[in-house]
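Enquirer: This is what each chain is made of:
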Amino acid sequence: MSAWEPVIGLEIHVELDTETKMFCGCAVTKGEPPNTRTCPVCLAHPGALPVINERAVEYATRIALALNCTVQPRNVFHRKNYFYPDSPKAYQISQFDEPLAVNGIFHYWVGDERLSCRIHRVHMEEDAAKLVHAGGESGRIAGSEYSVVDFNRGGTPLVEIVGEPDIPSPAAAREFLMQLRNLVIELGVSECNMEEGQVRWDANISMRPVGATELGTRTELKNMNSFRFLQQALEAEMPRQIKILEAGGTIDQETLHFDPDTGTTTPLRSKEEAHDYRYFPEPDLVPWEVAPAWVTEVRAALPELPATRVERFVADYGLSRYDAFVLGSAGALARFYEEVAAQGVDAKLAANWTMGEYLAHLKAAGLEPSQGHLTPERLAALVRLVADGTVSSSAAKEVFRLTAEEGGEPAEVVEKHDLGQISDQGALEKVVAGVVADNPAQVEQYRGGKQQVLGFFVGQVMKATQGRADPKLVNELVRKALEA
Amino acid sequence: MGTLDPLRLTAREAKRLLVDGEVSAAELATVYLDQIEAVEDRVHAFILVTAENAARYAAKVDGEMQATRGALAGLPLAVKDNMVTEGVVTTCASRILAGYQPIYTATAVRKLWDDHVVMLGKTNMDEFAMGSSTENSCVGTTHDPWDLNTVPGGSSGGSAAAVAAGEALWALGSDTGGSIRQPAALCGVVGMKPTYGAVSRFGLVAFASSLDQIGPLTRSVYDCALLLKHIVGKDANDSTSVELPCEVELPTAERLDGLRFGVPGEYLSAGVEPGVRARFDETVARIEELGGRCTELSLPHTQYALPAYYIIAPAEASANLARFDGVRYGYRSAEADDLIEMYERTRGEGFGAEVKRRIMIGTYALSSGYYDAYYGQAQKVRTLVRRDFASAFAEVDLIVSPTSPTVAFPIGSRTADPLAMYMSDVCTIPVNLAGLPAISIPCGLSEGLPVGFQLIGPAFSENTMLRAAYALEGAIGFDTAPSFRDSSAGSDAGDVRAAAGKEAPA
Numbered sequence: 021m022s023a024w025e026p027v028i029g030l031e032i033h034v035e036l037d038t039e040t041k042m043f044c045g046c047a048v049t050k051g052e053p054p055n056t057r058t059c060p061v062c063l064a065h066p067g068a069l070p071v072i073n074e075r076a077v078e079y080a081t082r083i084a085l086a087l088n089c090t091v092q093p094r095n096v097f098h099r100k101n102y103f104y105p106d107s108p109k110a111y112q113i114s115q116f117d118e119p120l121a122v123n124g125i126f127h128y129w130v131g132d133e134r135l136s137c138r139i140h141r142v143h144m145e146e147d148a149a150k151l152v153h154a155g156g157e158s159g160r161i162a163g164s165e166y167s168v169v170d171f172n173r174g175g176t177p178l179v180e181i182v183g184e185p186d187i188p189s190p191a192a193a194r195e196f197l198m199q200l201r202n203l204v205i206e207l208g209v210s211e212c213n214m215e216e217g218q219v220r221w222d223a224n225i226s227m228r229p230v231g232a233t234e235l236g237t238r239t240e241l242k243n244m245n246s247f248r249f250l251q252q253a254l255e256a257e258m259p260r261q262i263k264i265l266e267a268g269g270t271i272d273q274e275t276l277h278f279d280p281d282t283g284t285t286t287p288l289r290s291k292e293e294a295h296d297y298r299y300f301p302e303p304d305l306v307p308w309e310v311a312p313a314w315v316t317e318v319r320a321a322l323p324e325l326p327a328t329r330v331e332r333f334v335a336d337y338g339l340s341r342y343d344a345f346v347l348g349s350a351g352a353l354a355r356f357y358e359e360v361a362a363q364g365v366d367a368k369l370a371a372n373w374t375m376g377e378y379l380a381h382l383k384a385a386g387l388e389p390s391q392g393h394l395t396p397e398r399l400a401a402l403v404r405l406v407a408d409g410t411v412s413s414s415a416a417k418e419v420f421r422l423t424a425e426e427g428g429e430p431a432e433v434v435e436k437h438d439l440g441q442i443s444d445q446g447a448l449e450k451v452v453a454g455v456v457a458d459n460p461a462q463v464e465q466y467r468g469g470k471q472q473v474l475g476f477f478v479g480q481v482m483k484a485t486q487g488r489a490d491p492k493l494v495n496e497l498v499r500k501a502l503e504a
Numbered sequence: 044m045g046t047l048d049p050l051r052l053t054a055r056e057a058k059r060l061l062v063d064g065e066v067s068a069a070e071l072a073t074v075y076l077d078q079i080e081a082v083e084d085r086v087h088a089f090i091l092v093t094a095e096n097a098a099r100y101a102a103k104v105d106g107e108m109q110a111t112r113g114a115l116a117g118l119p120l121a122v123k124d125n126m127v128t129e130g131v132v133t134t135c136a137s138r139i140l141a142g143y144q145p146i147y148t149a150t151a152v153r154k155l156w157d158d159h160v161v162m163l164g165k166t167n168m169d170e171f172a173m174g175s176s177t178e179n180s181c182v183g184t185t186h187d188p189w190d191l192n193t194v195p196g197g198s199s200g201g202s203a204a205a206v207a208a209g210e211a212l213w214a215l216g217s218d219t220g221g222s223i224r225q226p227a228a229l230c231g232v233v234g235m236k237p238t239y240g241a242v243s244r245f246g247l248v249a250f251a252s253s254l255d256q257i258g259p260l261t262r263s264v265y266d267c268a269l270l271l272k273h274i275v276g277k278d279a280n281d282s283t284s285v286e287l288p289c290e291v292e293l294p295t296a297e298r299l300d301g302l303r304f305g306v307p308g309e310y311l312s313a314g315v316e317p318g319v320r321a322r323f324d325e326t327v328a329r330i331e332e333l334g335g336r337c338t339e340l341s342l343p344h345t346q347y348a349l350p351a352y353y354i355i356a357p358a359e360a361s362a363n364l365a366r367f368d369g370v371r372y373g374y375r376s377a378e379a380d381d382l383i384e385m386y387e388r389t390r391g392e393g394f395g396a397e398v399k400r401r402i403m404i405g406t407y408a409l410s411s412g413y414y415d416a417y418y419g420q421a422q423k424v425r426t427l428v429r430r431d432f433a434s435a436f437a438e439v440d441l442i443v444s445p446t447s448p449t450v451a452f453p454i455g456s457r458t459a460d461p462l463a464m465y466m467s468d469v470c471t472i473p474v475n476l477a478g479l480p481a482i483s484i485p486c487g488l489s490e491g492l493p494v495g496f497q498l499i500g501p502a503f504s505e506n507t508m509l510r511a512a513y514a515l516e517g518a519i520g521f522d523t524a525p526s527f528r529d530s531s532a533g534s535d536a537g538d539v540r541a542a543a544g545k546e547a548p549a
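Chains as they are written, first to last, in our numbering: chain A, 21 to 504; chain B, 44 to 549.
To be clear, the hints were calculated from the coordinates, so they are not data collected in a lab.
Don't take every hint at face value.
[What the hints assert, rightly or not] Computed list of lysine to any residue pairs in SDA-like fashion (alpha-carbon distance at most 25 Å, straight line): (1) A:K150 - A:T233; (2) A:K100 - B:A433; (3) B:K423 - B:S282; (4) B:K277 - A:T284; (5) A:K242 - A:R194; (6) B:K277 - A:P60; (7) A:K100 - B:S282; (8) B:K423 - A:I113; (9) A:K242 - A:T284; (10) A:K242 - B:L382; (11) B:K154 - A:R194; (12) B:K154 - A:V71; (13) B:K277 - A:R194.
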């Protein structure tokens, strides 16, 4: 097994959140009744003509620039011809040999390792209509009785990002996609809603002997939209290819379907049936020149990108690269953390709380950063209570839980639920004395040289004080009592 | 009103009569609807006559719209059936669009509606504008009013014949390789293809997008200018449309002093009939009499224009016509068990032979491995043709040629030989490849059939071209009234001018 390594490439389609479609004035909407957002253009009625949505060009350019691509001075749309009911013109207006942008690079992190993937090109096109296969059980075309077409989605602006085969593992492919999605969301051009299929991708994978430079024959996994299934599918495809190669066989270049239930890949259609798309320049649209000044303008208006922000978090907040990555790679969480840190609390402590309790809470409650009772101000206040010793760290978790559930200021929660830290030496001495008196056997052990038993006594004291005792002081008092 | 002769009445005169209150819009509409009644069974210029709508609308123009009349209010118009008209069936003379009710209206037609023209109906054409004789129509051919046994030309044969036969005051056609100018020539009317982009193509059912252009078919050059003036302009719905650099002027010129005319030898060499050549030479002589200067020149790549056109136009058509798949509108074959069979049967049954031929040629020319040899090469030729014209226009203001090498030919005489049919457009096709404006005016008869004279100008030279055509028209003095003879019947088949109650021409 170890003699082979995978080479993975991804092509990603992103639906843009423009107000109107790529080539007509119909609204881009989600969940409207079928065929209510259509016009002669997106229904391909006779005589209708496309007109380029300039906002879509701007959004696509943002993506291209964020991926460090060169925006081409001249852009041309082509017709990609194929018959299918989801394609009302029977051609898709796409870009062919003169795409929007080329030669980019995307940096992403897998754990502590920074990887780079070259971006071959970024181009614009229009989405197909949605086919609904009815009367069957699976919703797939096989076994359905009839199909209907919803043209609402037809003509939605799409950006296609074509990556080079630079990805070294299924896990890296998953990271690449998650981080690319974060980037696109950050750019404000698409919400990248996975359930709505706003992001979809094709993956291709080939195997080669470790250290080889030549690429093997690849297979493709089409139209996926789950990060987990992508990784599983690639992981399933690797041994399948290796088995064939080690038996002296050759890989067929084909498209595969991944069945998550069986965890296996099976051929969908072979390249022999590949379409001849008969690309030719779209005569209904004139080629357009992209002014360098305009590109400069779009570039200047880009928000801070995740990769830059992660570096900044390391520099500005003294975070580890891993912490900076967790906090900095998605915009909403990054903004939340920065607002907490802006309250003047210890940045590392704030980072620990944001990455730990806060992220777990968001996930459990199904919330987005900044939603719910826990505002950045309240988390900062809590962090401050921990830092100045008002509450112990274990009591702070209780304060966090109560604030998240009930709202209110953390200080008030501490007051109301009597969760303040006990640092009163006299009071604690009494508790310690009680614990020592109740556990003579352990006292014997300690005095017999078993130092670890100290922890047992500290734990008992903390338990007796519902975790409110100052742990440092308890440590000290327990040792004193035992050695007395 | 008793003196209105639909075979000679111009829009210019009709407009004056309407404005002066000498005739009502309703009366004017009646003149044309009566003429349709009288001759349509012999000419067959229309696919659909919207008589009731026309009469009702004309009455409105006379009544409630009296105070708000647009510039062309009450002037009856025929529209080629490849321009979509909301609520009025539009078929492109194809079975595949049988009964198709458009959900919007073509910009050019919309503009004229906004000027309150009265639409008489939709005219016959070669299916999807593919043809030069109007014989490729699913509803049968149109007959040339000058000889009912001959074709009216095409593909805008219905519009040309309707104007020639007095069934419409004027008409809209479309020109991809000569489809306005050639039928205008064969029917003895004026036909013009504007500069590519001058008229919006939005709502024009696409044949070859980079070549298609809507234009007027009229009884006079002045009328041509008047109609053109009201259909030009940049359209937000058509990215290839442009604003003309200056407004269309209504021509008044009588002389051609100072204008330089070029006569390209290549257009006169092959296949030009002696009778056509004679009228052409006479017209060139007239140009000089009027003060114009004619010089011979060369457009060396002319011979490659036709083959290049028959790659580019079918290639674009193969994609443009792919949308007629039976899924959303139009004809769908009833007998299909699955999707592929539905596509194949629908298109197999819905399209006629010439359309299928061009779809196949175009599909082939765009196929992987053939693209460079065909489509790529044809685009290079197109550039060379454009350059030919550019260098010629460095020397002359206008280029002149016969519009068609022949006069109207007998129905059926070329249908078995597509190449012979394609040659009908040899003088008009280079103009479309170069995106230039050109006009055809009648310059006399050859064996009783009209001969067309073509003037070609540089892009956006519409005003110069119209001025020259106007002066020349005045000097030629062509009588636009056709004879309605039928050469197949051995003699003139009755004089319909009498049927319309008009005086016969001298």
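Enquirer: Where does the structure disagree with the numbered hints, that is, which hint numbers, in rising order?
Expert: Violated hints (numbers, rising): 1, 2, 4, 11, 13; every other hint is consistent with the structure.
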